[in-house]
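Just so you know, the protein sequences line up as chains A and B, in that order.
With the numbering used here as the guide, the letters of the first sequence map in order to residues 167 to 494.
With the numbering used here as the guide, the letters of the second sequence map in order to residues 8 to 434.
Don't read these hints as lab results, they were simulated from the structure.
The reader is advised that the hints may include incorrect statements.
[Unchecked claim] The calculated DSS-like cross-link candidates involving lysine-lysine, where the alpha carbons are at most 30 Å apart (straight line), are: (1) B:K172 <-> B:K196; (2) B:K224 <-> A:K310; (3) B:K396 <-> A:K310; (4) B:K171 <-> A:K310.
[Claimed, not checked] Incomplete in silico selection of chain A near chain B, CB under 8 Å: (5) D338; (6) R369; (7) K451; (8) E454; (9) A464.
Every residue, glycine too, gets a C-beta built ideally from N, C-alpha and C.
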Amino acid sequence: MPDQLLYAMEVTLNGLMAGVLYALVALGFVLIFKASGIFNYAQGVMALFAALTLVGIMDGQVPFAVLINAVFGTEIHNFGWEVPAILAIFLTLLVMCALAWCVQKFVMRHLVNQEPIILFMATIGLAYFLEGFGDLMWGADIKKLDVGLPQGLNDTIDQVTYGWFGYGFFIDNLDIFATVIAAILVIGLTIFSQYSKQGRALRAVADDHQAALSVGISLNYIWVLVWSIAGFVALVAGIMWGTKSGVQFSLSLIALKALPVLMLGGFTSIPGAIVGGLIIGVGEKLFEFLIGPMVGGATENWFAYVLALLFLVFRPQGLFGEKIIERV
Amino acid sequence: MRLRLASLALAGIMAAAPAMAELVVTSLSYRTGAYAANGIPVADGFADYLTLLNERDGGIGGVPIKMIECETGYNTEKGVECYEATKGEGALVYSPLSTGITYQLIPKASADGIPVHSMGYGRTSAANGKVFEWIFNYPATYWDGASIAIKHILDLNGGDIKGKKIALVYHNSAYGKEPIRTLEELAKKHGYELSLLPVDHPGQEQKSQWLQIRREKPDYVLMWGWGVMNQVAIQEAANIRFPMENFIGVWWSGSENDTLPAGAGADGYKALALANPGSDYPIYADLKKYVYDAGKAAGAGDQIGYVLYNRGMYQALLTTEAIRKAQEIHGTKDITPAMMRDGMEALNITQDRMGELGLPDFGPAFEVSCENHGGSGVAKIQQWDANAKTWNLITDWIAADRSVVDPLIEEDSMAYAKENNIQLRCN
Chain A
167 MPDQLLYAME
177 VTLNGLMAGV
187 LYALVALGFV
197 LIFKASGIFN
207 YAQGVMALFA
217 ALTLVGIMDG
227 QVPFAVLINA
237 VFGTEIHNFG
247 WEVPAILAIF
257 LTLLVMCALA
267 WCVQKFVMRH
277 LVNQEPIILF
287 MATIGLAYFL
297 EGFGDLMWGA
307 DIKKLDVGLP
317 QGLNDTIDQV
327 TYGWFGYGFF
337 IDNLDIFATV
347 IAAILVIGLT
357 IFSQYSKQGR
367 ALRAVADDHQ
377 AALSVGISLN
387 YIWVLVWSIA
397 GFVALVAGIM
407 WGTKSGVQFS
417 LSLIALKALP
427 VLMLGGFTSI
437 PGAIVGGLII
447 GVGEKLFEFL
457 IGPMVGGATE
467 NWFAYVLALL
477 FLVFRPQGLF
487 GEKIIERV
Chain B
8 MRLRLASLAL
18 AGIMAAAPAM
28 AELVVTSLSY
38 RTGAYAANGI
48 PVADGFADYL
58 TLLNERDGGI
68 GGVPIKMIEC
78 ETGYNTEKGV
88 ECYEATKGEG
98 ALVYSPLSTG
108 ITYQLIPKAS
118 ADGIPVHSMG
128 YGRTSAANGK
138 VFEWIFNYPA
148 TYWDGASIAI
158 KHILDLNGGD
168 IKGKKIALVY
178 HNSAYGKEPI
188 RTLEELAKKH
198 GYELSLLPVD
208 HPGQEQKSQW
218 LQIRREKPDY
228 VLMWGWGVMN
238 QVAIQEAANI
248 RFPMENFIGV
258 WWSGSENDTL
268 PAGAGADGYK
278 ALALANPGSD
288 YPIYADLKKY
298 VYDAGKAAGA
308 GDQIGYVLYN
318 RGMYQALLTT
328 EAIRKAQEIH
338 GTKDITPAMM
348 RDGMEALNIT
358 QDRMGELGLP
368 DFGPAFEVSC
378 ENHGGSGVAK
388 IQQWDANAKT
398 WNLITDWIAA
408 DRSVVDPLIE
418 EDSMAYAKEN
428 NIQLRCN
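Just chain B, with the same shape it has in the complex (with noise of 0.2 Å):
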């Protein structure tokens, strides 16, 4: 009797004493499904950076970050279904790790007043922040990724590319077709031939594409694709013989799990990078002391340093970066959404702060603003050495053609503002 009344008493204490401020952190992740081989390492790349950050600092500012994941398939209905399950825990930010899934949430998370960062994926004129309040892409959006590559082709033909016949390769999907306009523009700007190759879904039988890029030999073969699709590209690719440097695939394409199953035919395929591979970053140290060795990685630690695993690192760093932005910001530890907007709209990542983070060089300086939720729309571009089975950076960070995607972004989001009788910001 004694036992159960000191325990009602414990209960009512508990009950009585204020809950602990966390800072609720989303994943929508996919661990399951035809895509899990891409989804599992940004999964792990994400939770352990939070993780660090929990047992190293004991969490942002103080407060622990406590991480749901929930699982979407890259299920575009799943994924709407964990945000409506998920946002009552007093989520801050969702980065849905599907532009499909983004698209649906636009309108969602903006009624509900949550920010939706899509790094380097969802829609591009969401990088208008005037009429996208709480919708943010930096550093970098596809119109930005297809500019690049234009760029690096002009960079290896002498700034002319007139006349030279450019393929695009894409998965039949709103992801998959967002860079149609931009290359058109720069087409018509460049004077470049421009021949789309659609992929349906999920892209496992590709001959028809590369029989025509055999007959019709373009210079240049660009790729938008996710999943089995960019492997079995890569491998058809190699099977015609087309040379593999003049191939190269967007962020999305560009990570070892395409590459390596087609062996040595992938070596010198190209793709974007959002940030550099690799773990030779002093926060690999760190990961290890307090992660890895500590028992609380997240995956088999098996896709450490890999390009998918340091976009998920790099996710959360943006993201609880914009936390500590907001913390300051708000002179509070325990933030709310509208907070946490804030910060994102004022962050400003310098190779300084980069450096002390443990990652100097890794990703690019920029800067967010109420205008600007796209970033600085810089990309590197890695090659493949299929011997050494790494990544290596070719270039330096190249920067979008502003002049192309700029005024694109513009028409793209006043006409979504005139539809959906959105009032302008940033006034």
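Just chain A, same shape as in the assembly (with noise of 0.2 Å):
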């Protein structure tokens, strides 16, 4: 087999499982996109804050530190333990739930039957007020991120490819332990979806807050879930992500790898998230491979949107998204 056509299949298998990861970012949009017609852009920050709470907790570090020691004189940085992983992330998720809580009774339930712009500039300042907040709450310095994730080349795949084509194929440890998380991620919610009470539930505000109102479906109980949900899910792209270039925060910047896939795959399709995923890796790392080096390379963030911005020429709801039909 010519040597450029092992290399293509060689990109294409690692746009596949890059693509896992920006899906893994895009579907916490989907799931508030979806309950509540809100575009979140504190989605990239969440994932953020939810990396730096893990390893604050793992680590055993003092929350507000530096503010206690600011106002009371002290010296404290660290409890002195270490909280095993396992742990460490029920207790990540708690925290995620609670700020879910907090966003639905401090910001979103103020601003029901707002315009949709309204909403989308609240999440804007909860972003930047995120920010700040991870950052006086666990300080703005790299932090390794080590849940017991194996990382580096797999050497099987090396090995059995090589046994193949007489050259090992490069594959990431971690991106094939994201691509198991993101199946059983998207299995799970797909199941909580259709045949849980919680999930037929959030269908139904989904598709008419109004009609799930006057059916009894407490819409901040909904709301306050659909955020918990994203919460979880953030905390799963943070540990992904985290776990390849340490929890600092250029992690919120993920955010924008999540947007052409959410506008290739449509915003409020689950299975849209993960195949628009997959098309922008795929295709953004073949075009770099092919055309990068006619181009001078670092193609990939532009050609991302692009690629995404073609699809809409034909799917202007993406590719799994609704038709939006209005009447005249």
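With the hints as a guide, bring the two chains together.
Right under this line is the structure:
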């Protein structure tokens, strides 16, 4: 097999894996948009905040230590213990649920029936607040995140493909793990929304708020629930991306990677987020591989948006989005 | 009524009294945003050194230093806003801590007559003082850095790197593109094959670049990165099992922040060093006494002795030494930005002086002149020890190849002078 074809296959596989990581971020956007029609600008910062909280809990860091030390003249930074990853993930989940409750109680509840643009602006405010709050709570230094996920070259795939083609493919163990987690997440979310009482209520709210209210579904409860689930998805995305690069404030920028995925897959479809992620991942990696060298490289960021825009020309609602029909 | 009258009288006296002289130094820092983790230690080191001088010596020549810090978020527009907002405060010098901001400030500061010191960053050809009267980038420039990295590779290969493959992974910005021209010229001279791999901001996803490196198997990889790009690149290099001792970053890709997240995978990674890492210097005893223990430290104290903290401290040291020089030249304690420029141009850092300042052998000895605003153009190579979590210096100061770098500086600066109708000076 020609070398170029082998490389293209390797790039495609890695593109699929990268796409899964993009889809993980996009999922959080979809969940909130589907249930409440809000484009949550803060989703990337939620991933950052979740990862910061997870590392802080694991390392036994004292939250707000800088503030406490400044006010009381103390010198405390650490509790002196370490929390196992599983327990820390559970505790972080509780923090994300508390955050969801606060968002609903102090922000969204007061904006019911406002224009979508107002709700969008509120999430921009939330993003900046959460970024500053995370900084105050856990500090801005780069933190190593190690929850025991495997990372680096997968030797088995390398050896097997070498045996087949005479060229060993590089697949990152972390990407394989992320793919498995994403699959579990999508299956879990689908089962939850199709078969659980809360999931059906969530879908009812997504279809028609007023009709759902009229049959006794609590809008407040559903919104807290959906923000909590989005918080959980943000935590998963934060763990995957934080393991790659360390937990730092640029994590919030991973939202930029999710936007073309949403445009392509549609804002209201969970499978759309996954398929959109895969198409963007493969598309940008193959374009970089085939065309990048001719145009000086670094094409991935802009090509993802070009690809999404191309799809929009033919399907404005995205591949899996609901078609909007407005009668005049 | 009496109290009111007394207050008015006191206010009148205070208004009539001459304002107390202060040496105004600006710190364009970034403590927030995507690059905060790197901006904070630099800003802290800078602030702590100035605090030390104020607390221990009463400032410089008895005149207290007033530091004005302005948050740029590593954003060029905000950096320019900071400049415009603070220049009226009597700022003696600007250190933008960003190549993008430096590029924007070059024409502005030159027109306003305020010096800019871009220490080891910014526009390389600003080293030509004949063209760039107000801009300084000592002690070394990016082009020096590129040449020093290649010299190190030459040393490792017995002086012959003909046919070797060298890849440059760079931040796709003005900063990251700076070394390309020099590396291309050096490739012509030494016969190596250069490949360029740009990484878009912020650099969180670099799979394409590292798959390419894995395919093409370069002998050495150089990196001009910043922020998350560095951490991801080091992790990806470890993932593809690239030999880390053949991976060399510029001084902005060589801090503890860059290597710690990759854990053991970063072991052996190399980077250029503008100054030494670590806290084993007499000055730290003074910093502890007058700054840290006095509760006047700018940060939480967890970055002390780290590469970027030392970088900020070194920046402050070079700034204050130039102020001292300006005071000496002009025979006045209360200097202006123009006098500051004279001080910077006459700066002479000797090892004896570094010893007196409590930082023996910390940085290179160098002189600045009317013609040369770029300093000596030397750097050391440091290597990361993942077990000890420390940087170890593995070479002495390495000088850049002046026969390649100087003509490039001359060519670029002359083109700038022509474009902007600048009269050459230093005749």
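- request: Mind listing which of the numbered hints don't hold for this structure, in increasing order?
  value: Per hint list: 4, 6 violated.
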